[in-house]
Amino acid sequence: MANNFQLWQGDNECPDEILNEIEQKVVHQANTLSLFGRVIELFVPNALQTAAHLIAGSKQSGPTRRNGGRYSGPVIPEGRPPAGGGADGRLLPSDPDTI
Amino acid sequence: MSPTAVKKAKEYTDTELIALYLQEQNTAYFTQLYRRYASKVFAKCISMLGDEGLARDATQDIFIKILLNLSKFTEQSSFSTWVYSITYNYCIDLIRKKKKIPLLYTEDVGKISKEQEVEIPDSVLLEMKQERLAKVLDRLPPGDKAILMMKYIDDLQIKDIGETLGKTESAIKMQIMRAKHKAQSIYDEMYGHDPIEGNGN
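Sequences listed follow chains H and Z, in order.
So the first sequence is numbered by my numbering: it starts at 2 and just counts up by one.
So the second sequence is numbered by my numbering: it starts at 2 and just counts up by one.
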């Protein structure tokens with residue numbers, strides 16, 4: 002059985018039309034938030050990846066380097082195999098086994 | 002949502018509806034939660050704020066707040082307790098901002114007086130005539146009003162009231178005692194010819 006406090010609050014119950022009006026507004030905001038969440042899910046990963054490429058640079062988009070520049074690759078004279086052995090696996094002259 | 006799905010949604014518990022909404026982002030599940038609690042939230046808002054326009058705006062803001070914080074609901078208390086907690090705190094904050102009331106509770110600090118040491122039985126308030134109770138409650142500080150509403154309307158445990166208002170259990174017990182004394186003194190002032198008997202059943 003309801004006490005007087007509960008009866009007092011019961012007198013303040015909301016008419017259905019007001020509840021329905023508030024429901025429409027709340028659901029509209031909920032739908033907007035849900036849509037916004039899906040947009041974030043779709044575009045943020047791609048946007049972050051693009052930003053990462055722009056910051057780090059990729060092989061295709063990196064700056065071109067001149068021959069002999071400070072950060073250019075090793076200059077290998079003609080006839081000499083590259084460091085680490087030739088494609089056929091032959092050891093370098095400086096290797097201890099060849100001494 | 003199809004009629005069958007709507008019917009099924011009505012059978013879900015609050016916790017199931019929350020999980021389904023967070024998983025599928027289907028607002029139909031949140032709508033079901035709204036329909037379960039909107040009437041009670043509105044009733045509390047209008048009881049606290051005393052104005053229908055404010056209560057409508059408050060109800061809308063409260064449900065948006067519930068929506069935005071749904072993922073933070075941890076099931077430490079029931080969903081209804083969580084909803085009422087948001088409702089009462091929202092209303093108390095709103096009253097404080099609008100009316101610039103520094104004192105939300107009766108004599109928040111300091112020792113209680115000799116008169117206040119005497120416990121007033123719950124029946125004294127619960128048997129008060131309804132129209133007089135409404136007038137007495139309207140004159141209580143908003144924090145006291147909220148505490149009495151939580152105790153006598155929502156049947157919340159002292160622990161839950163404490164969690165809602167961010168106070169210890171002993172502080173809540175003390176505040177309930179003070180609120181009842183304040184209600185009695187207001188009643189005596191308004192209806193002195195029909196005083197409350199402190200030793201009632």
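Don't read these hints as lab results, they were simulated from the structure.
These figures come from a predicted structure and were not determined experimentally.
Every residue, glycine too, gets a C-beta built ideally from N, C-alpha and C.
Errors might be hidden in some of the hints.
A partial selection of chain Z residues facing chain H, derived with a Cβ cut-off under 7 Å [claimed, not checked]:
no. : residue
1   : Phe31
2   : Tyr35
3   : Ser48
4   : Ala135
5   : Ile154
6   : Gln158
7   : Ile159
Find the hints from earlier in the document that the structure breaks and name them by number, from lowest to highest. Per hint list: 6, 7 violated.
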